[in-house]
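S.K.: Protein sequences appear in the order of chains A and L. Residue numbering for the first sequence follows this note's numbering, starting at 1 and increasing by one per position. Residue numbering for the second sequence follows this note's numbering, starting at 1001 and increasing by one per position.
Not one of these hints is a red herring.
Calculated lysine to aspartate or glutamate pairs in the EDC-like style (CA-CA distance at most 16 Å, straight line): (1) A/Lys445 with L/Glu1056; (2) A/Lys119 with L/Glu1524; (3) L/Lys1119 with L/Glu1062.
Bear in mind the hints are in silico, worked out from the structure with no lab data behind them.
Number of protein chains: 2
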Amino acid sequence: MTLTGYSLIAGAHVAGPNGSTFGTNPATNETLEPPYTLINDEQLKSATEAATDAFESFSTLEPERHARFLETIAENIEAIGEELIVRASTETGLGVERLRGERARTIGQLRLFADVVRKGDFLGVRVDPALPDRAPLPRADIRLRQIPLGPVAVFGASNFPLAFSVAGGDTASALAAGCPVIVKAHNAHPGTAELVGQAVAKAVRDLDLHPGVFSLVYGSGSSIGQALVADPAIKAVGFTGSRAGGTALMRTAAARLEPIPVYAEMSSINPVYVLPGALTGDVEALAGQYVTSVTGSSGQLCTSPGLVFVPVGEAGDRFADAVARSISGNAGQTMLTQDIAASWEQGFNSVRAVADVDLIGRGQAGPTANAPAPAVFGSNLDVFANNHVLHEEIFGAASLIVRYKNVEDLIDATSKLEGQLTASLHVTGEDYAAAAALIPVLERKVGRVIINGWPTGVEVGHAMVHGGPSPATSDSRTTSVGTLAIDRFLRPVSYQNFPEELLPAPLRDANPWKVNRLVDGHAEIHQD
Amino acid sequence: MTLTGYSLIAGAHVAGPNGSTFGTNPATNETLEPPYTLINDEQLKSATEAATDAFESFSTLEPERHARFLETIAENIEAIGEELIVRASTETGLGVERLRGERARTIGQLRLFADVVRKGDFLGVRVDPALPDRAPLPRADIRLRQIPLGPVAVFGASNFPLAFSVAGGDTASALAAGCPVIVKAHNAHPGTAELVGQAVAKAVRDLDLHPGVFSLVYGSGSSIGQALVADPAIKAVGFTGSRAGGTALMRTAAARLEPIPVYAEMSSINPVYVLPGALTGDVEALAGQYVTSVTGSSGQLCTSPGLVFVPVGEAGDRFADAVARSISGNAGQTMLTQDIAASWEQGFNSVRAVADVDLIGRGQAGPTANAPAPAVFGSNLDVFANNHVLHEEIFGAASLIVRYKNVEDLIDATSKLEGQLTASLHVTGEDYAAAAALIPVLERKVGRVIINGWPTGVEVGHAMVHGGPSPATSDSRTTSVGTLAIDRFLRPVSYQNFPEELLPAPLRDANPWKVNRLVDGHAEIHQD
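Excised from the complex, chain A in its bound form (with noise of 0.2 Å):
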């Protein structure tokens, strides 16, 4: 597929005017050809605008077509093959292997999000039906549908130039609930966004759906995305990315005439519970997993273990000695961008500049540009409630241990933590006590709670829970991986004393789609 540079405006190729950007391959801070040319307003309002003429034919989409959709970016993609990713690689400095993976979950989530599609559940329909009898007045039929809100801002993610980027979590959902999307290219994988991005419009084409369904803009820095957020015809925003970039969007958004959504993933440090029982197992398995946790994808995922609650005494002191030695023949990975490996040396050094807090081992610079030595600290308690700067996020291979007494600790540790995206509690048998007692505390912290597992790789599913209270996300009422991320999309919409004629298909009587409902609060079946 040929690059072109140019922004994908409702199906148009568009060379923006205000200059541009390159690509940059991270392992040799190589410029990378061709250069992205960057849109101006105006160009930006032809996307917004197209998304808003585009809104009526595709909230509407029978089913099955819209499903179709969704599984022809999914093929689509495919259809790039290897260029897609040698490209991303060379981009990000990310392995082909892990690649390859995150392609699959792309692919796959596009799948289950048409499987959804086709079932209808997120439509939450109810019927309330008629009782003209009703004393002293009697009750009209009322029926209730989830709509799609309207065109949707997406922000490609720098950790994910597949899964959470132009057809990641964020646009699969939104297109899964019936709204036109417009992505905002990450500038630091443009080649990636550019070739998905085609995928995605070709997908538009091939089922001949209005092309401003989609758009993929390049612009520049953090003011063509402002713009966007601020722009009347969007009605929500999917962001993954720093506290700083979250929160500048949510302010946006809350200081328009009409406030809108931002469901925005922001930071977590993702504490792991060790519990005493853990440590009478493999210990050195233990640690080896923790290790790999921290260091996968350079320990650039949302859910890295930046914290690790272990026991003081001697097994605990086993744990950390099998960290330092499994971490030492560690290497670092080239990270995605001379930024974000700038940015990580200096979390590095605050965290070393603490006073009782020691480095307690340490891996090899890797061979490239970009590639820190991945790096493990240890600490108290104490020390830890006293400084702020060990509960802020490092973005890369870095993680923290912080020996603690008993469970009582943990609980008033955990009492004062910020919100996270997941909590992790390594437990046998005899540790189901204590873990009863801070599951409670957790829960109130962090949307999701893992038992005997680390929270790195995060599964696409129904029961996903990706996110939580602030500042993990800016919208502890949802999540953005996993089905019930089409909710974040919708809106309900009561139709009172409607002639079966009138009612749209899923609230008809006939119920063509055979979508399931909840009938006077009684859950009905209709599906095969």
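Assemble chain L onto chain A, guided by the hints.
M.R.: Below, chain L alone, put in the same frame as chain A:
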């Protein structure tokens, strides 16, 4: 029941040091005893701290006890008897029949929510079973449920002293979700608030719950409200009132370190579309229904029809004439407060001052104080389009008939409306094609579309949406009436690889609460 004039903080009567306020009889402008003392910030803090303390035990109640709590509130409100109706009528000027109906709705709502708590559908349980043999990677067992957000602040509404106040829809849905509630009493009906507050506090005692589950506070003006919304202990806000009031709370909530959702129901003019076929029937009856809907409760209803589109021509003229006749016999009813009556007068004068707006019908002033004569204005689409004041809600018995030529004009005018709670269509079979063209435009503007009915009279059921795009509400993704309102106070949490012993009850294989579940994407019914 003795009125103390005190706040009710976690079960205790608390006198405030910040002066006092009195209820007023708006029919006579007389002050009502007792004085209500106003609390200070530390006293407010004691309420929010008690709510935080109550959260863990209240959020994990067994469904049966949880449901009984809601039912006991209903019983305790019923047990107050006529004293409640008399006090509410004296404080608000609303008639006793209207208030008996509102009490029935308030009690019925609590009982409906109790049923929903027993069924547990809102827990949204999802189970993705483990796939240990999946290639390339196994899948862990992952389960999801919705948990309550935490303590909720509720602001009593002036116009529904029972159904949208101390134990109204916001309180009932937050309590049903498992959230402790702190109600800021509306100072226009302090005695009614105390009577209901005592009934709720007694239910807390009757069920032996943590007293922090409920507090009712009296404070000065907006400052106590701002302090409540800014308090880190508060995790969500329910508000029904003015656009200025709601917007101020939204700003405070968005500026917090941890932003929280504000569910504010603010303003709506509830457009009604009379299509030509509807004027081939009994025009007198239709006009009478319109006047009844405009003047009921002195027009002080969120869903009062403030705007009616009527075709130009002879049939439309007959409708307008019939409206003028009908309203001329209509006497003004006492409004809720002197301020509200003054604000109505101001709105009336603003509309009257618009060139090419006619006063086409007017009733008489009522016999009491604060009972202005209801009014219906008339104009055309051009004037409506060019005068924003005609798009603003006049809270009270006033409405505007706008004459139109064809459905294209209607679609154009509708697309320029702000967000609304409702839209109503009056049609016969011959209008279905026009209605089918209008409905998709209306869906994007409103939360409820009504055919051949009037918007006032909001059914409390499973399929009701009392919500809509900004500025009708602050968050179009929700409803403040009906059982779907519970979802406002919930967020999802995933449990990965949990042993049966550590899983919360509704997620256990044994499913002791018999909740419906989505298993691997398929709905499973578990109820009798």
